[in-house]
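Novice: These are the residues of each chain, in order.
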Amino acid sequence: MTTTQKTDFLVYDRAVGMTVMEGKGFYYPVDTIAGKDDRLYVINRSKEETVRGIRVTMCDLDGGYYGNFGTYGFGGGQLVWPACGAVDSRGRFFVSDERLHRISAFDPAGNYLFHWGRAGSDEGELDTPSGIAFDGEDNIYVADAYNNRVQKFTAEGEFVLVIGADGPGAVSLPWGLATDGQDNIYVADFGNDCIKKFSATGEFLAQFGEFGRGDGQFTKPASVAVDRDGYIYVADWGNERVQVLDPNGGFVTKVRGEGTISDWAANFLSINREEAAARATANLEMDIDFAIDDPHEESSHIEKYFWCPSSIRLDSRGYLYVTETNRHRIQVYRRG
Amino acid sequence: MLDNNIELIAHLLRRAGFGANRQELANYQSIGYEATVEELLYPREEQRLSEYLIRRFHPELSGMMGPLASGENWLYRMATTNAPLREKMTLFWHGIFATGYNKVIHGKALSDQTRMFRMHATGSFRTLLLELSRDPAMIIWLDNQDNHKDAINENYGRELLELFSMGAGNYSEQDIKECARAFTGWTIANREYMELRSQRDSDWPYGRISWHYEFHPDDHDEGEKEFLGERGNFNGEDIIDIICRQPATARFISRHLYSFFVADEPPVPEWPYTPPADQEAIDTLTQAYFDHDYNIGEMLRVLFNSDFFKADEARYRKVKSPVELVAGVLRLTGEFDRPRYEILERFSQASYMGQILNNPPSVEGWHTGTDWLNSGTLVERINFASKQIGDATKPGIGSMVERIATEMKESSSPDMLVDACLEEVGALSVDEDTRRVLVDFSARGSRGADRQHIADLLQMVGATQEFQRA
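Each protein sequence line maps, in turn, to chains P and V. Add 9 to the 1-based position in the first sequence for this note's numbering, that's all there is to it. Add 13 to the 1-based position in the second sequence for this note's numbering, that's all there is to it.
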């Protein structure tokens with residue numbers, strides 16, 4: 010594995026979004042999916058203290074805002090612990106729910122269609138479904154987190170296959186999933202601090218990385234994406250960074266985040282001038298002696314850094330969306 | 014000889030931790046009382062629910078934009094740690110250096126303060142006071158960011174002496190002023206922006222930004238000061254050195270430790286007028302303070318191994334604080350072996366009983382002992398404890414019920430079933446009145462392995478006065 014960093018591989022493009030409990034903005038966003046015409050669906054987890062804030066925000070890369078759908082609740086089309094999303098070939102939007110142990114489907118405009126999923130540990134049952142991803146035939150893979158496996162279903166919820174339940178490819182608390190052009194499956198193996206690759210039939214193919222903070226190492230990876238050339242992008246969540254691997258798993262580059270003021274944030278600051286003036290006097294990138302050695306702590310102080318990058322996704326144009334849960338923002342990158 | 018009296022060890026775990034179930038007690042019993050004290054003081058490896066898991070499933074317990082998150086995060090620790098004394102001491106310091114969200118309006122800053130208490134909980138009192146004086150949440154809580162070279166703000170200086178170290182009657186008003194002068198220039202970075210965001214409860218545009226300490230030498234009073242009879246060009250660190258040398262400080266901390274771990278003392282404002290219940294115990298702890306260079310852990314070792322702590326009459330004399338009660342129940346139920354949506358509801362129960370972590374009623378902290386109890390809070394306490402402990406769907410309770418059911422036979426008497434239940438929840442001793450009620454209830458059910466009856470009896474145990482006490 011090479012450790013020479015290709016520093017111009019990823020180029021920062023812009024930030025999207027800002028913190029808003031309701032309406033135009035994000036509130037603890039956990040995933041961003043590019044749907045039909047690259048419309049973005051941003052899943053807002055919110056917090057247990059309030060029933061407000063839980064929603065899916067529809068927007069685009071240029072700051073366009075198209076409203077929200079989904080509210081807190083246990084009924085059809087409602088969400089409690091929304092986790093990850095995916096869009097099928099028809100543009101339908103699917104979202105997993107880690108509290109309700111189910112997958113809900115909406116049409117491209119956000120109208121509720123149906124949901125499926127039953128809590129449990131038997132085949133076809135779910136315990137805390139996290140990452141989801143479609144293959145080229147509209148089968149859906151589900152990271153069945155607390156059952157420590159990935160399951161494959163039809164889009165309507167018919168069980169197909171179990172992956173990664175045991176053997177050398179066994180996964181632990183899997184989080185994000187991705188598929189590539191050959192319908193291979195990539196798993197962000199949170200519990201084992203690595204990325205695992207499986208074939209469409211569930212055969213374990215490869216493991217990338219191991220626990221650590223060095224190049225090509227991971228700490229609690231959250232999400233993975235694969236581009237047309239086979240490059241693998243990882244939200245290295247516990248290290249508060251993004252890493253890129255080549256198709257063989259060789260280290261390519263890493264970025265720590267360079268968030269700037271988004272259009273929505275600029276609008277907020279233009280209206281709230283007292284806060285903008287105070288912000289202008291602040292140094293938000295200062296050197297600090299930290300009490301503990303933890304990138305999470307560093308990110309909590311340095312606003313431009315990723316803070317809890319829970320999701321990494323590509324759109325059809327190759328833009329890379331890094332959803333930062335604790336900064337309520339998406340940092341957008343593209344290939345250099 | 015190995016002292017492995019299980020009731021004594023259970024007493025220790027109720028005070029130095031949040032109680033222990035039968036299996037945990039058996040483990041401690043195998044090493045004996047003194048070794049258990051050492052294990053509590055210096056845990057070999059702290060295991061608990063991973064912070065990564067909490068952050069993954071509860072983003073708010075990581076980003077901390079609201080008033081409850083820092084406390085919820087802490088409750089997870091209390092409910093799952095195998096280093097319970099560390100959390101208990103963290104709670105002890107929070108009760109003394111009481112800092113509240115209602116003014117700080119920054120959950121992460123409060124969580125950072127909790128982490129600081131945890132790191133220094135059983136170390137040098139001098140180090141702790143120094144870290145406290147540099148703690149951003151404390152700086153904002155007591156306005157030290159407004160303590161300037163040419164216009165002092167006495168708030169922190171006053172409370173440092175009155176509530177945090179020596180107690181009223183041991184210093185003069187002039188000492189407070191000199192103390193405040195020594196802490197001028199101790200502030201937080203980006204003060205203007207951070208203070209404004211706090212005042213506005215602003216999460217915008219990108220969530221909270223952590224605070225950190227900053228010293229401004231140009232705003233620090235470099236002049237000579239006279240403090241507690243000593244003269245010099247003192248800064249805050251020098252002031253803390255002087256404070257730590259005072260016998261009044263040793264007595265103050267000793268009395269706090271006694272009140273928290275042995276028997277309730279009156280509220281701090283009454284201390285100048287009310288002598289300690291056990292002056293000899295305070296003297297013993299005071300001596301330990303000086304013998305061990307202000308080391309709190311060494312004071313605790315003396316305390317836990319003392320006769321005044323081990324005495325029969327010391328047991329069940331303390332009323333558990335709401336957080337102690339809730340954390341203890343959650344440790345028994347084992348419900349939070351993984352992150353669960355319900356943590357907020359469990360955390361909220363402590364607030365219904367009168368205690369919200371990281372939001373005490375004032376800088377004086379909470380009034381403890383029987384002040385926790387009134388007709389409303391007592392009902393909340395009993396309902397919570399009995400409901401949780403009687404719920405066999407919870408993994409910890411289910412295991413207890415199974416163990417008891419396995420041991421009980423048709424020939425087992427109602428007394429035996431009561432004993433088995435009391436043993437499972439932590440070798441609980443009850444008085445005769447309580448026992449009579451429990452045995453009556455026990456006799457009403459079927460003999461042997463009736464799991465529902467066992468769960469119902471456990472529910473009754475959760476409602477006893479002994480379970481509400483430590």
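Hints were generated in silico from the structure; no laboratory data involved. We put the CB at the ideal spot given by N, CA and C, even for glycine. A portion of the hints provided could be inaccurate.
Stated by the list, open to error - Here are the simulated EDC-like cross-link-like pairs (lysine to aspartate or glutamate), alpha carbons at most 20 Å apart as the crow flies:
1. V:K162 x V:D216
2. P:K263 x P:D17
3. P:K313 x V:D216
4. V:K400 x V:E445
5. P:K45 x P:D17
6. P:K161 x P:D97
7. P:K15 x P:D224
8. P:K161 x P:D136
9. V:K407 x P:D136
10. V:K116 x P:E284
11. P:K33 x V:D216
12. P:K161 x P:D175
Claimed, not checked - Only some residues are given here: those of chain P computed to face chain V with a beta carbon under 8 Å:
13. K33
14. F78
15. T80
16. T290
17. S309
18. H310
Novice: If a hint holds in the structure, say so; if it does not, say that too.
Specialist: These are the hints, each one checked on the structure:
no., hint, verdict
1, V:K162 x V:D216, "violated, 32 Å"
2, P:K263 x P:D17, "holds, 10 Å"
3, P:K313 x V:D216, "holds, 15 Å"
4, V:K400 x V:E445, "violated, 24 Å"
5, P:K45 x P:D17, "violated, 29 Å"
6, P:K161 x P:D97, "holds, 14 Å"
7, P:K15 x P:D224, "holds, 12 Å"
8, P:K161 x P:D136, "holds, 14 Å"
9, V:K407 x P:D136, "holds, 17 Å"
10, V:K116 x P:E284, "holds, 19 Å"
11, P:K33 x V:D216, "holds, 15 Å"
12, P:K161 x P:D175, "holds, 16 Å"
13, K33, "violated, 12 Å"
14, F78, "violated, 20 Å"
15, T80, "violated, 16 Å"
16, T290, "holds, 6 Å"
17, S309, "holds, 4 Å"
18, H310, "holds, 5 Å"
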